[in-house]
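Residues per chain, in single letters:
Number of protein chains: 2
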Amino acid sequence: MDVFALAAMRMDHTNPTRPVPPTTVRRLSTYYRVLGAVHSEGQANVSSETLAVLTGFTAAQVRRDLAYFGSFGKRGVGYAVSALRQRLASILGIDRGWRIGLVGVGNLGRALMAYPGFNNQGFEVVAAFDSDAAVIGSTVNGTRVLSAGDLAHAVRVDRIDMVIVTVPARAAQKVVDQAVAAGVRAILNFAPTQLRVPAHVQLSNVDLAVEVEYLSYSLAV
Amino acid sequence: MDVFALAAMRMDHTNPTRPVPPTTVRRLSTYYRVLGAVHSEGQANVSSETLAVLTGFTAAQVRRDLAYFGSFGKRGVGYAVSALRQRLASILGIDRGWRIGLVGVGNLGRALMAYPGFNNQGFEVVAAFDSDAAVIGSTVNGTRVLSAGDLAHAVRVDRIDMVIVTVPARAAQKVVDQAVAAGVRAILNFAPTQLRVPAHVQLSNVDLAVEVEYLSYSLAV
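So the sequences go chain by chain: A and P. Heads up: the first sequence runs through residues 1 to 221, numbered per my numbering. Heads up: the second sequence runs through residues 1 to 221, numbered per my numbering.
In short, the hints are calculated from the structure, not lab data. Think of the CB as a built atom: it goes at the ideal place given N, C-alpha and C, for glycine as much as any other residue. One or more of the hints may lead you astray.
[To be verified] Across the chosen pairs, the derived CB separations fall in these ranges:
(1) A:A59 with P:A60: 26 to 32 Å
(2) P:A59 with A:T193: 18 to 24 Å
(3) A:V20 with P:S147: 27 to 33 Å
(4) A:V157 with P:S90: 47 to 53 Å
(5) A:A181 with P:A44: 36 to 42 Å
(6) P:R144 with A:R99: 53 to 59 Å
(7) A:H200 with P:A59: 19 to 25 Å
(8) P:A52 with A:S138: 41 to 47 Å
(9) A:A114 with P:S90: 34 to 40 Å
(10) A:K174 with P:G149: 42 to 48 Å
[As the list claims (entries may be wrong)] Residues of chain P placed beyond 12 Å of chain A at every Cβ, according to the derived structure:
(11) P21
(12) A133
(13) A134
(14) T139
(15) R185
[To be verified] Covered stretches of chain P (in silico footprint by chain A; criterion: 3 or more residues with CB under 8 Å from a CB of chain A, positions within the stretch not fixed):
(16) 27 to 38
(17) 63 to 70
(18) 75 to 84
(19) 121 to 127
(20) 144 to 158
(21) 193 to 205
Go ahead and model the full structure; you've got the sequences and the hints to work with.
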């Protein structure tokens, strides 16, 4: 029995015995990406030390993160690349086809619609929305742009799971309220503002200035 | 003597006695943003509990993060909003005017050039670069777009501290090599690829798919 089957018997990843920190979940995305590169080079196994070099995390961190989900590398052999990659895809839920609505077809919205990282990982922008009459009705990256006023209707008809908000800060809360009222359970917000959502809705904020400030800190130290 | 002056005597933030985890530095950006909102509402003091509610972190996490830099709230009073905000700006180095070169004036590059979070926080895009003759010579958000071939020259002449890479993955390493050879010490990479830089150069990668995958994980659990 391989190490993953064994681990699966011991721990159901959908119900880990310890709460998983958000930073660990975000590192899983990085492991998933790096394992893809290792996989495409034809390697069958990879050590936590190699994963550390490729990700920039420590080997101890790699082992600790993967242990949350019951994945333990074999001593002297490492992790089975293909199995671990599939397992991470399953844990991250990117093997099941999420349907995304994107609101705000400006530069950032267009950049995200064309982002190569989304399309091949189970995320599909099934509808885009804008309030600008000049943009409504146009097609961006193969997706037709609807009126922002049609959001609630489209969430139901197109079975949208997740909404990406790339509107200006002042318009963001209204968009989120409409999406939540229509049944959306996950919001990814790029607008530089604090949004309010009910407890049953997952909200993630992407602050594009954080990484620039992190570099600034690194230079200043 | 106020708590911050006292703390400054006890610990030089540019040389903390313990190594500061990158995740803590990134949370400082969030504290800085939230303190700005609290400040604009006219509040003089704020508790770690309020900062916890506003940021989504725990109060214990807030206190632990700020303690790295010798900032301790006064019991029953909390943190002095204005002083803490200035201190975070200083720690993050965003009070000293970083000069940024942005390479790749596509949708993402344009979105970043117009990002309101950059302009008022000490980050100035002083030059932009592209390889497309149709874009070179145009002005985007008040900044003239130069030929990508002029990057090394402009880094020296315009005293560029930091380069933001928003080119396609296949072009990213070449851009980074040129920037590093010209003396740039900090790279912020949005291209979905692993880049190599010498040890003296700070590299941060922004993976726009990570947050979508985090939401996907949250929905799947």
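Each hint tested on the structure:
no.: 1; hint: A:A59 with P:A60: 26 to 32 Å; verdict: holds (28 Å)
no.: 2; hint: P:A59 with A:T193: 18 to 24 Å; verdict: holds (23 Å)
no.: 3; hint: A:V20 with P:S147: 27 to 33 Å; verdict: violated (47 Å)
no.: 4; hint: A:V157 with P:S90: 47 to 53 Å; verdict: holds (51 Å)
no.: 5; hint: A:A181 with P:A44: 36 to 42 Å; verdict: holds (37 Å)
no.: 6; hint: P:R144 with A:R99: 53 to 59 Å; verdict: violated (41 Å)
no.: 7; hint: A:H200 with P:A59: 19 to 25 Å; verdict: holds (23 Å)
no.: 8; hint: P:A52 with A:S138: 41 to 47 Å; verdict: holds (43 Å)
no.: 9; hint: A:A114 with P:S90: 34 to 40 Å; verdict: holds (38 Å)
no.: 10; hint: A:K174 with P:G149: 42 to 48 Å; verdict: holds (45 Å)
no.: 11; hint: P21; verdict: violated (9 Å)
no.: 12; hint: A133; verdict: holds (21 Å)
no.: 13; hint: A134; verdict: holds (17 Å)
no.: 14; hint: T139; verdict: holds (15 Å)
no.: 15; hint: R185; verdict: violated (6 Å)
no.: 16; hint: 27 to 38; verdict: holds (count 7)
no.: 17; hint: 63 to 70; verdict: violated (count 0)
no.: 18; hint: 75 to 84; verdict: violated (count 0)
no.: 19; hint: 121 to 127; verdict: holds (count 3)
no.: 20; hint: 144 to 158; verdict: violated (count 0)
no.: 21; hint: 193 to 205; verdict: holds (count 3)
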